[in-house]
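S.K.: Sequence:
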Amino acid sequence: MFRRYGLVGLAFTHLGVSRGLIATFGVFYVAFIETFGWSRAATAGALSILIVTEGLSLPLAGSFTDRVGPRRALLLGGIVLALGLGFTATVSSLWQLYFWLGLVTALGLGLIGMVPHIAILSREFPQRRGTALGLAFAGGGVGIAVLVPLSQALISRWGWPTAYVALAVSTALLVIPPVPLFFPAAPAKPAVAAPDRTGKTEDWTVSQALGSGVFWLLFGSRVLASMGNQLIVTHQIAYAVDVGFSKLFAASVFGLMGICSIFGRIFFGYLADRIKREAAFTWVQAVSVLGIVALLLLKDDSLALLLYAYAVFYGLGQGSRALVLSAISAD
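Using numbering that gives the first Met the number 0, the letters of the sequence shown correspond one by one to residues 0 to 330.
Worth flagging that the hints you see were computed from the coordinates, not collected in a lab. C-beta: ideal position from N, C-alpha, C; glycine also. One or more hints might be untrue.
[Unchecked claim] Each pair of labels, with its calculated beta carbon distance range:
no., residue 1, residue 2, range
1, Arg-127, Ser-91, 23 to 33 Å
2, Ser-92, Phe-262, 40 to 50 Å
3, Pro-179, Asp-241, 43 to 53 Å
4, Ser-92, Arg-273, 32 to 42 Å
5, Ala-41, Leu-304, 41 to 51 Å
6, Leu-172, Ala-278, 35 to 45 Å
7, Leu-304, Leu-180, 42 to 52 Å
8, Gly-5, Leu-302, 37 to 47 Å
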């Protein structure tokens, strides 16, 4: 029992670090532009490369985890991620940013991210899959709530290179040491596989999944949701600064988004176990749209209430999309 819930805690920590680090790009984005004078499009390209690389690495991360086991995969992911962040602190040109943040860091994120933890928790919690994933994914909200304002504070006080070094060290300490506690060198006997909610008992093969229309609908939903989310998250702080808010205030409000995301992930994870998962996903999207509308209506700093509304509503939906889609995929 301790190990099962410990695995939820491990996933909570790893997803908190990985999702929080991605969200911090919004504050580093502004710092890069101010330091190097790069265009917004060129600077945002680093996040685009990161997202694409992480996405492409996920099937490889799953295959690698199956081959060598969660222990080695997660340990390697933590090491690669910390190295990527550490070397990002040394960049002085765009190609270096693209390489260390967009490629190396992204590979580390893929190895400690959703794929291995979804597989582990789906197996360990067959009857409460949505709830377990909701608790784990809530770590992403905590990561956003903590790392975004913390990164801005570090940048304001000591500069962005020092901030990246601090993130690298913190990542190494949070991600790597807990792994051997739950995955000893001799792997434990796996839990009984989760029953299929559709009545089938055997797992799908890769070829069966690729030939299914449902798979491609889920794939398309996940890709489009991720692309839209990253476009918003990348530019949200720069947009808030453009309309008159201070960088620290904007980062703090978007930290509130992370807090709301915690409650959203837990609630929608629970809801996905109580109603049809597709219906839960519809509610997630509806709440997110309310937040986007609030942001679109924000024109100057006299409308701070709209910024808070965006943080609350979009925060409730942020991360819950991936959570519910992951539960549907696991079914």
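S.K.: Now tell me if each hint is right for this structure.
M.R.: Against the structure, the hints:
1. Taking 23 to 33 Å as the suggested C-beta distance range, the pair Arg-127 and Ser-91 does not conform, at roughly 49 Å.
2. A hinted range of 40 to 50 Å for the beta carbons of Ser-92 and Phe-262 is consistent with their spacing of about 41 Å.
3. Under the hint 43 to 53 Å, the C-beta atoms of Pro-179 and Asp-241, about 46 Å apart, fit the expected range.
4. Checked against the given bound of 32 to 42 Å, the beta carbons of Ser-92 and Arg-273, roughly 51 Å apart, lie outside it.
5. Range check, Ala-41 to Leu-304: about 34 Å between beta-carbon atoms, so the 41 to 51 Å window is missed.
6. Separation of Leu-172 from Ala-278 is about 40 Å and conforms to the stated range, judged on CB atoms against 35 to 45 Å.
7. Roughly 45 Å separates the CB atoms of Leu-304 and Leu-180, a value that falls within the hinted 42 to 52 Å.
8. Restraint check, Gly-5 to Leu-302: a C-beta distance of roughly 45 Å satisfies the suggested window 37 to 47 Å.
Hint violations for this structure: numbers 1, 4, 5, all remaining hints satisfied.
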